[in-house]
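Let the sequences and hints guide you as you build the complete structure.
In order, the protein sequence lines correspond to chains X and U.
The first sequence stops at residue 450 when you use the working numbering, and every number in between is there.
The second sequence stops at residue 450 when you use the working numbering, and every number in between is there.
Derived by calculation from the structure, the hints in this document are not laboratory data.
Treat the hints loosely; a few may be bogus.
Said to hold, decoys possible - Pulled from the structure, derived: some chain U residues nowhere near chain X, Cβ distances all over 12 Å:
(1) Asp167
(2) Gly168
(3) Asp173
(4) Pro210
(5) Ala229
(6) Leu231
(7) Ser249
(8) Pro252
(9) Val342
(10) Thr356
To be verified - To be clear about the criterion: a stretch of chain X counts as covered by chain U if any three or more of its residues have a C-beta under 8 Å from a C-beta of chain U, and this derived list gives those stretches:
(11) 167-177
(12) 255-261
(13) 357-363
(14) 403-417
Cβ atoms here follow ideal geometry from the backbone N, Cα and C, with glycine treated the same way.
Protein chains: 2
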Amino acid sequence: MHPTAPPPSPLSAEVALPSALCVLGLGLIGGSLVRAAGPHLPVFGWSRSEDTRRAAAGDGCDVTDTIQAALTRAAETDALVVLASPVTAFPELLRAIDQVAPTVRLTDVAGVKATVDDEVAALAPQARFIGSHPMAGTAASGWPAGSAELFTGAAWVTCLTEDSAVDDWALVAALALAVGSRVVPADPSAHDAAVARISHLPHLLALALAQVGQAGGSLALSLAASSFADGTRVAGTRPELVRAMCETNREELIGALDDALGLLGVARGSLASTGSLAKITEGGHLARAAFDHRGDGLQPTTLRGDDMVEQLLAVGAAGGHVSGLGRDPDGLAVQAWYPDEL
Amino acid sequence: MHPTAPPPSPLSAEVALPSALCVLGLGLIGGSLVRAAGPHLPVFGWSRSEDTRRAAAGDGCDVTDTIQAALTRAAETDALVVLASPVTAFPELLRAIDQVAPTVRLTDVAGVKATVDDEVAALAPQARFIGSHPMAGTAASGWPAGSAELFTGAAWVTCLTEDSAVDDWALVAALALAVGSRVVPADPSAHDAAVARISHLPHLLALALAQVGQAGGSLALSLAASSFADGTRVAGTRPELVRAMCETNREELIGALDDALGLLGVARGSLASTGSLAKITEGGHLARAAFDHRGDGLQPTTLRGDDMVEQLLAVGAAGGHVSGLGRDPDGLAVQAWYPDEL
Numbered sequence: 109m110h111p112t113a114p115p116p117s118p119l120s121a122e123v124a125l126p127s128a129l130c131v132l133g134l135g136l137i138g139g140s141l142v143r144a145a146g147p148h149l150p151v152f153g154w155s156r157s158e159d160t161r162r163a164a165a166g167d168g169c170d171v172t173d174t175i176q177a178a179l180t181r182a183a184e185t186d187a188l189v190v191l192a193s194p195v196t197a198f199p200e201l202l203r204a205i206d207q208v209a210p211t212v213r214l215t216d217v218a219g220v221k222a223t224v225d226d227e228v229a230a231l232a233p234q235a236r237f238i239g240s241h242p243m244a245g246t247a248a249s250g251w252p253a254g255s256a257e258l259f260t261g262a263a264w265v266t267c268l269t270e271d272s273a274v275d276d277w278a279l280v281a282a283l284a285l286a287v288g289s290r291v292v293p294a295d296p297s298a299h300d301a302a303v304a305r306i307s308h309l310p311h312l313l314a315l316a317l318a319q320v321g322q323a324g325g326s327l328a329l330s331l332a333a334s335s336f337a338d339g340t341r342v343a344g345t346r347p348e349l350v351r352a353m354c355e356t357n358r359e360e361l362i363g364a365l366d367d368a369l370g371l372l373g374v375a376r377g378s379l380a381s382t383g384s385l386a387k388i389t390e391g392g393h394l395a396r397a398a399f400d401h402r403g404d405g406l407q408p409t410t411l412r413g414d415d416m417v418e419q420l421l422a423v424g425a426a427g428g429h430v431s432g433l434g435r436d437p438d439g440l441a442v443q444a445w446y447p448d449e450l
Numbered sequence: 109m110h111p112t113a114p115p116p117s118p119l120s121a122e123v124a125l126p127s128a129l130c131v132l133g134l135g136l137i138g139g140s141l142v143r144a145a146g147p148h149l150p151v152f153g154w155s156r157s158e159d160t161r162r163a164a165a166g167d168g169c170d171v172t173d174t175i176q177a178a179l180t181r182a183a184e185t186d187a188l189v190v191l192a193s194p195v196t197a198f199p200e201l202l203r204a205i206d207q208v209a210p211t212v213r214l215t216d217v218a219g220v221k222a223t224v225d226d227e228v229a230a231l232a233p234q235a236r237f238i239g240s241h242p243m244a245g246t247a248a249s250g251w252p253a254g255s256a257e258l259f260t261g262a263a264w265v266t267c268l269t270e271d272s273a274v275d276d277w278a279l280v281a282a283l284a285l286a287v288g289s290r291v292v293p294a295d296p297s298a299h300d301a302a303v304a305r306i307s308h309l310p311h312l313l314a315l316a317l318a319q320v321g322q323a324g325g326s327l328a329l330s331l332a333a334s335s336f337a338d339g340t341r342v343a344g345t346r347p348e349l350v351r352a353m354c355e356t357n358r359e360e361l362i363g364a365l366d367d368a369l370g371l372l373g374v375a376r377g378s379l380a381s382t383g384s385l386a387k388i389t390e391g392g393h394l395a396r397a398a399f400d401h402r403g404d405g406l407q408p409t410t411l412r413g414d415d416m417v418e419q420l421l422a423v424g425a426a427g428g429h430v431s432g433l434g435r436d437p438d439g440l441a442v443q444a445w446y447p448d449e450l
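This is the structure we're talking about:
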């Protein structure tokens, strides 16, 4: 399992958080971020929905009535702006940013990263953007479902490319650390490929399994126990949420699905011809063991130097994460957990 | 969810338990049955393994040294004999039964039922056999893993065909009720078709998902959260156990797997062509809701009459179960939970 306690280090508190946080969209993730970040820095927010704005204000959130007011204030306070609306609203938000606060610091919390990168480059090209994806959520949604603890212990993906400014990344990473997440640096496309396999494909398999079970009729559902309950749990997620995340990651999800269909097709052929399921049972058992032991052998290390983007991406790609940020006389210093064999 | 409390009824305790219980095989299921049944009737057991016999005897279990001694005693005491060894050992046990105690009352706890029916008919044709399958288990195995609580709240399938003697069935059902299970009557082939969908297929999907995730490398495993953890949990089961249950239910599992491959293939085609996952997300969500609401609307009823086998099979096929047994002046009376619309 992932080590969660930061290693002994003088770095953790030395990179300042953003001077303020402006959250656009106050649903489950945005609303949780407002609550979780509140103790650490000035936070204000906006939602398209008047009902949501009223509910958030009633709970003590500093809410602006218009996106223009929010962005004007963000520019004045050098706030980090967070896109926390559904991704379908991103183009409109980005056009507003390009008009009102074109060079603002910007991140987002969407579940797919490469397309957001492209949208920002096209619609708000001067924004100092670092995409991110906190891997946290519940089946519930909306402002009332939010929680200050939602991000505790979760992986918070922060996206980097060769063009990324490390100082912009450090602000987003500092926010993620402040709300209790471990920070996983990743290339946007690598993120999308990974979540297709470990988040989007599990939804499709659960949805199929639920239907095969139901097709067995009342007797089958009556006999279903924990293997079926666990295997179909995420089929309970609202269909529109599943579609929003899976359909926007189409190419990567098709690849992951084809891998699964290939493995199952080989197993089907073997079962029908020789009667053996040796290959899929042994391979799958070993793979699950690899999952159970992910994060084993991570060791604390400190990253310094000019090639910080490359170093950070190497940490994330190796299954490591960032746990602290600081400044040396020479610049940014990053405390990270990294496999000891590398 | 399934109602667990029996309805008010004077029937529950009126059908006697077997006069004694002889458990052949003292692994997880057999060992748990010895522990769970002990407070209710005389129990003795046998295991092929001397180590297991010694461990069970050390825990206070009444253990015989040879299967001949166990079966002789079973015949003398009119005990119900339970085949609780791996199914691969069934032919040898059945030959011993046919020699030593040919007309004994007999049940088994194997996960596949039609083939066991055939084996009993071929090798111990005079045994008064009722196949059964307690839907309970853990990832652990062996005598030390057993627990008197293993069967509490579980579905215990009891098999019936048109040739079954209802009085033999009632003894097995009484035992299952005594150890806390709800009794689900089922045709052996209907059982095998059901468990292919709700138990064996979930294992294959979990095994495939685990491998697709692992193929995403360290980043993917690092980002994997509850949807992947739940979807791959049963891939942690020992491969030989998964093979034993899945390979012996080959035809039914191929059918269930083909259903899953069909649903996933259609989703793959739709995603690739139109980009939509509307069909699988909506169908799967409704199917999971059907699972969540299984057992809703069951009402207590009492079964009586000459067509008891048909009535019992109708209860199981409709998602109902048996919760009590008694005797009327006219014969057996069965308390059951049954959908109110039937």
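Hints versus structure:
1. Asp167: Consistent with the label, U/Asp167 stays out of reach of chain X, its closest Cβ about 27 Å off (over 12 Å).
2. Gly168: holds (30 Å)
3. Asp173: Nearest chain X Cβ is 35 Å from U/Asp173, so the label holds.
4. Pro210: The claim stands: U/Pro210 keeps its Cβ more than 12 Å from every Cβ of chain X (closest is about 32 Å).
5. Ala229: With a cut-off of 12 Å, U/Ala229 remains clear of chain X, as the shortest Cβ separation is near 22 Å.
6. Leu231: At roughly 22 Å from the nearest Cβ of chain X, U/Leu231 sits farther out than 12 Å, so the non-interface label holds.
7. Ser249: The assertion about U/Ser249 holds, with a minimum of 15 Å to chain X.
8. Pro252: Given a closest Cβ separation of 21 Å, the condition holds.
9. Val342: Since the minimum Cβ distance to chain X is about 5 Å, U/Val342 lies within 12 Å and the statement is violated.
10. Thr356: violated (9 Å)
11. 167-177: violated (count 0)
12. 255-261: It is violated, with 0 qualifying residues against the three required.
13. 357-363: holds (count 3)
14. 403-417: violated (count 1)
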